[in-house]
Structure formats: structure tokens, C-alpha cells
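Letter by letter, the chains look like this.
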Amino acid sequence: MKSYRKELWFSTQKRRQLINITPEIEACLTESGVQEGLILVNAMHITASVFINDDESGLHQDYEDWLERLAPELPHSQYHHNTHEDNADAHLKRTVMGREVVVAITEGKLDFGPWEQIFYGEFDGMRQKRVLVKIIGE
Amino acid sequence: MKSYRKELWFSTQKRRQLINITPEIEACLTESGVQEGLILVNAMHITASVFINDDESGLHQDYEDWLERLAPELPHSQYHHNTHEDNADAHLKRTVMGREVVVAITEGKLDFGPWEQIFYGEFDGMRQKRVLVKIIGE
Amino acid sequence: MKSYRKELWFSTQKRRQLINITPEIEACLTESGVQEGLILVNAMHITASVFINDDESGLHQDYEDWLERLAPELPHSQYHHNTHEDNADAHLKRTVMGREVVVAITEGKLDFGPWEQIFYGEFDGMRQKRVLVKIIGE
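Chains as they are written, first to last, in the numbering used here: chain A, 1 to 138; chain B, 1 to 138; chain C, 1 to 138.
To be clear, the hints were calculated from the coordinates, so they are not data collected in a lab.
Where chains are identical, the list cannot tell them apart; a pair therefore holds if satisfied intra-copy or between any two copies.
Straight-line C-alpha distance at most 25 angstroms; calculated DSS-like pairs for lysine-lysine:
1) K129 x K6
2) K2 x K109
3) K109 x K6
Note that the coordinates shown come from a computational prediction; the quantities given were computed from them, not determined experimentally.
Can you make the complete structure from the sequences, with help from the hints?
Listed below in C-alpha cells is the structure:
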């Protein structure tokens, strides 16, 4: 069994931002040399997400509006967590979007349907944060 | 390490429908011959879900009502994604329900609690769509 | 390839409760002897969750309030599932929080960011329920 590990670093310009990280994940997979196995991609921070969906800007605006409806940022004072923090909403938004994805590796490639793309979802950004890539297989 | 891959195809009669796919997944597992490992089951489409819960019709109606409350289909015009599409709500519903499940394989069986069943959740159906089954182990 | 399996049992004092199970999961990992691989931790019951977030009591209160807003327990009669049951809300809450986590194992440790902790989220408690730990790797 082979294993591979890499950290990817991201720093967004805005508090909330979605970044398509599929090319970086494909580069990790190539580097690993694994042909058959599983790849885990997870946010290492608890106010960010890794998820799979469509790379379509209208949908990304819909995510922003919808997450703000489900778990609004403001007023900060509505959350018990926000005594020395202001990011309780980011913990909840990340919960909706998910921490991690597990993707099949087949013949050395991400085994994806036609529109699947991997995103880093940042909900409390403007600072350096990490994504972990772990691959196991052969 | 053994690996196994199969695509399962589904076409629902309705836009939204939940299908218990546990028997198909068990058949894949038997076919793979894997005794100890992990099985990944994921939707290959971004408006569908694979999730684990109870096979109880009242609960399935509750899911329908609840998802429509969290991310209503209508009016289609409320979503930025719906310019040439009408399925933004399906992307959001699938996000709540999740893309994938990872299940332990122990002694050649799905290592499940008493009520766990695997479902394909379709939120933009009435056409052929796929689920990926990937197994790794020994 | 090594594999390891263990069931952990929990019984909460309240209907809804979050328990930090990171020390138990670390003990399983040590016991397994696996240095590189993946660990799956999942609820074996469909009204409970395993998820990763911050061990901060204000945030945990925010989760309680937020989940009650998204999927209120009362009145029980609002759910089709609640004919002989009263826990439909717990199925929905667990859906938001997720069934399982998959965590990378690197050099014999949970490969975590600075604040990641694993929680058992109980939404229909006050009885014995199980979490499954499955490890594969080398």
C-alpha cells in the first residue's frame, strides 16, 4: 500500500469565498503515483469546507445567499460563540457544506462524473488556512 | 490490496425520489470478494445524493417537506443559477443530504447498525444518472 | 494492509448532547498500530452523528439553537414519521451534522488541524447507542 500526504495553503481576499481546487488535487494525485485507491481532501480548519459541486458562478452566488439565510453572519451578538470571536456563523456554514470529500481513484485519475469539481469553501477568510490531501492505494 | 469499481444507473419517475440501494451495494461487495476494507458510494451527479438513514415512508415524506422548506424549488427565478437551468434547488438539497457515504467492510459485510440503509436521493430526476461504488481492502 | 474495528458505546443524560470522543478515537488508533492510512468513525444509529468541529461550549449552545431552528423537535405531530415515534427531528438534525468522518492517519496520529476535535452528536439519547471505528492502513 502506498500513502501520500500534502498540505495546500489558501488565503482568500474576502471573508467568504469558493475556490476550485481540482487542478491542485489532480497534481497531488499524479505526484503520488497511485493508480487505484481513495483520496481524502479535508479542511484542516473548522470554519472552512471542502465539497464537490458545479463550477458555475450563478450557483456560487446562490450558495452565498442560501447559507446567509440558514446561518446569517449578522448580528454577531446572536451567537453564544461570539464573545471573543465573530465567526460562529462560519462554523455553521461549514457544517452545512461539509468538512471533507472522499473520491475514488481509478486508473490514476479522480473518478468523477461529468460536472464534479472540488471546492475549498472559506467562511472566515483573509488569512492563511490549510487543506489536507491524503491518498492511499496502489 | 484489492480494488473494485462499478457504476449503478438510476432513472426516477419523479423529479425528487429516494431509492433504497442497499441490495445493489451488497451485491457489489459480494462480487468484489473484499473481506476487510472500506466502500465508498457516491453520486456522480451534483443534483443527487447518496446518504444513510431509515427506510420509513413517513420519514421520507418528512425529508421532502423539510428540504422544500430549506431550499424551495419554486419560484425558479429566485436562484441565480436558473438562467438556462431550473435545478438550483436540487444542488442545495443535495448539499444538505450529502454526496457520498463511506462504510466499513467487516468479514465481507457492510458493517451497519440495526437500521442503517443506503439511499440514492434524486432531486432533479427523470433521466439516467449514475452512482459510483469503489471498494478497497483485502 | 492492516485493519482494525471497534465499537464505542454511549448513553447520554439528555435527549440532545455533544460528547468529545477524540481521546477514545486516539486510543483506538494507538491500539491498531496503524502508522499510515484512513480512519472512519461513524454513528451506527440514524438519529446520531459523528462530526468534527471546535470544543467550545458557546458554539455547542449555538448548534443546539440552530438545529432547533432548522428542524424543531416540537410539536411532534408536525412530522409524518412520528406516528409510533417522536424522533423525526433527530433524523433531520443528524442529516445536517453528518453520519461519519474520515480522518487521515499520518505517522501513527490523527492528522488534524489546530482545533479539530471529533464529536458524537446525540439527538435522541438517554439509551445505549454505538459508534463504529474502522481503521485501514499499514
